[in-house]
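Could you put together the complete structure from these sequences and hints?
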Amino acid sequence: MFAATIARATRPSALRASASAFASRGRVAAPTTSSRRSPRSRHPQSSSSRRSMAASASANPIATFDTTLGTFEAELFMDKMPITASNFADLANSGFYDGLHFHRVIDGFMLQFGCPHSADPKSNRAGTGGPPGGSSFETPTGETVKRDGGGNIPDELIDKTSNKPGTLSMANTGQPNSGGSQFFINTVHNDFLDWFGPGQSKHPVFGAVISGMDVVEKIGKTKTDRGDAPVTPVKMNSLKVK
22 MFAATIARAT
32 RPSALRASAS
42 AFASRGRVAA
52 PTTSSRRSPR
62 SRHPQSSSSR
72 RSMAASASAN
82 PIATFDTTLG
92 TFEAELFMDK
102 MPITASNFAD
112 LANSGFYDGL
122 HFHRVIDGFM
132 LQFGCPHSAD
142 PKSNRAGTGG
152 PPGGSSFETP
162 TGETVKRDGG
172 GNIPDELIDK
182 TSNKPGTLSM
192 ANTGQPNSGG
202 SQFFINTVHN
212 DFLDWFGPGQ
222 SKHPVFGAVI
232 SGMDVVEKIG
242 KTKTDRGDAP
252 VTPVKMNSLK
262 VK
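Counting in my numbering, the sequence shown runs from 22 upward without gaps.
Note that these hints are calculated values from the structure, not bench results.
Treat the hints with care, as some may be off.
[To be verified] SDA-like, lysine to any residue: derived pairs with alpha carbons at most 25 Å apart:
1) LYS239 - PRO251
2) LYS244 - GLY233
3) LYS181 - GLY170
4) LYS263 - LYS143
5) LYS239 - SER183
6) LYS185 - ASN81
7) LYS261 - PRO153
8) LYS242 - SER232
9) LYS101 - THR165
10) LYS185 - SER115
11) LYS143 - GLN221
12) LYS239 - ASP141
13) LYS101 - GLY91
14) LYS263 - PRO175
15) LYS185 - GLN221
What follows is the structure in structure tokens.
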């Protein structure tokens with residue numbers, strides 16, 4: 022089963038890694054970073070303004086992430102990304118994410134989460150798993166969406182929200198319709214990951230942190246090993262959507 026991995030950001034050799042190289046190891050070859058990335062502010066919006074935006078879109082559900090390093094909340098863009106946000110909400114409220122660990126953290130890039138194999142934080146399979154194949158969920162309109170045999174959902178390339186700091190974005194294999202349960206939280210503005218940009222990466226944003234960005238940044242600063250996994254595991258105690 023393929024799932025999703027965001028390529029390393031901090032090692033020159035990784036900048037040359039191809040999608041096929043990652044896929045050959047059974048991981049999802051998601052975007053590589055590039056020298057095009059320039060430093061950007063980590064706080065384009067204050068926590069209060071993010072909360073205000075969420076309040077103005079009160080119809081959208083809020084996800085609460087309770088981790089061993091603290092709690093943060095994110096608005097899910099159910100109004101703009103109904104399939105992707107519903108997939109996430111279904112997995113969260115079924116308990117799929119509870120007890121998993123952040124399996125890849127790269128300071129100045131992103132935090133990656135959502136592989137079922139990361140229940141064991143030292144598993145060498147972390148980054149290769151996804152939801153059960155053939156499972157299904159419903160969107161707010163009552164449409165039933167069935168995940169394919171690998172647990173993947175259809176790409177939802179309709180909303181042009183950029184991969185700004187604090188946004189939640191789908192990880193994938195680099196191939197169409199290959200996103201499942203894995204996602205990442207941007208800690209800088211990774212606009213080269215936008216599906217509507219000139220690059221090859223196609224990572225649609227489906228939510229944004231509205232409170233607790235300090236916790237996200239704390240996780241982003243945790244010490245990691247050579248495989249970008251936190252040395253001290255960061256566990257998701259619970260992840261629920263209301």
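Hint check results:
1. LYS239 - PRO251: At roughly 12 Å apart (the allowed maximum being 25 Å), PRO251 and LYS239 satisfy the hint.
2. LYS244 - GLY233: holds (20 Å)
3. LYS181 - GLY170: Roughly 28 Å between the alpha carbons, so the hint for LYS181 and GLY170 is violated.
4. LYS263 - LYS143: violated (31 Å)
5. LYS239 - SER183: Answer holds: LYS239 to SER183 is near 23 Å, not above 25 Å.
6. LYS185 - ASN81: holds (19 Å)
7. LYS261 - PRO153: Holds, at about 19 Å.
8. LYS242 - SER232: Holds, because 18 Å separates the two Cα atoms, which is no more than 25 Å.
9. LYS101 - THR165: holds (17 Å)
10. LYS185 - SER115: Not satisfied, since the Cα-Cα distance of roughly 28 Å exceeds 25 Å.
11. LYS143 - GLN221: Given pair LYS143, GLN221 is violated - Cα atoms ~31 Å apart, limit 25 Å.
12. LYS239 - ASP141: holds (21 Å)
13. LYS101 - GLY91: With a Cα-Cα distance of about 28 Å, the restraint between LYS101 and GLY91 is violated, given a limit of 25 Å.
14. LYS263 - PRO175: holds (24 Å)
15. LYS185 - GLN221: With Cα atoms ~18 Å apart, LYS185 and GLN221 stay inside 25 Å; holds.
Consistency note: the structure conflicts with the earlier hints numbered 3, 4, 10, 11 and 13.
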